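Q: Based on the sequences and whatever the hints tell you, model everything.
Line by line, the protein sequences are chains A and B. For the first sequence, the working numbering assigns the number 51 to the initial residue and increments by one for each residue that follows. For the second sequence, the working numbering assigns the number 51 to the initial residue and increments by one for each residue that follows.
Heads up, the list lumps identical chains together, so a pair's fine if it works in one copy or across two of them.
Cross-link-like lysine-lysine pairs, in silico, DSS-like; alpha carbons within 27 Å at most: (1) Lys146 - Lys120; (2) Lys120 - Lys91; (3) Lys88 - Lys139; (4) Lys91 - Lys146; (5) Lys120 - Lys139; (6) Lys120 - Lys88; (7) Lys120 - Lys135; (8) Lys120 - Lys138.
Just so you know, these hints were derived from the structure itself, not from any lab. The model shown is predicted, which means the values in this text are computed figures rather than measured ones.
One-letter residues, chain by chain:
2 protein chains.
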Amino acid sequence: MIVDNLETPYYAVIFTKISSENTDGYREAAQRMEILAKQQKGFLGMESARSEIGVTVSYWQTLAAISAWKNNMEHAAVRELGREKWYKKYQLRICKVERAYGFEN
Amino acid sequence: MIVDNLETPYYAVIFTKISSENTDGYREAAQRMEILAKQQKGFLGMESARSEIGVTVSYWQTLAAISAWKNNMEHAAVRELGREKWYKKYQLRICKVERAYGFEN
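A: And the structure:
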């Protein structure tokens, strides 16, 4: 799903990853993290696609909301599992969304 | 491919889209745009994945580099075709990357 126009400025977390061969428990954990993220204060939306790499972008009202999500204990535990088991490589980028344009046919 | 650590700050263009049913000429145009983007001054890298939606993130040294790419005539012509034919819906977000973390197993 595409996240529609939001009022700028807001924040984006761009998470890109290459998975390892171990997918044990990954799907359930990813679904749980999506549910949990949506419950966080300041969460605005999430966009995700996966082919050769996975790209997930989540949107947040403030940097404080991103920090709180980072420090969520269940999230932190799953992140640690991800480093041990599911991810070969990732990059996480924290960005300020300065301008946005939408188009719809 | 994942774009590795770059020195912050830099800029990201997050392009998320839902395709229309008309894919005529799309693949060739997308490949050509990728080649052309890589030739632009200030281009730093690109990450892309596609499943239910398409998410493409390109990275740039400056906002001026993003503007120049936006105004590239061949790019503008293809963007117009995209609106007419290939895209049902899209969002384009211009962001300043403030912090970034990498992980590799």
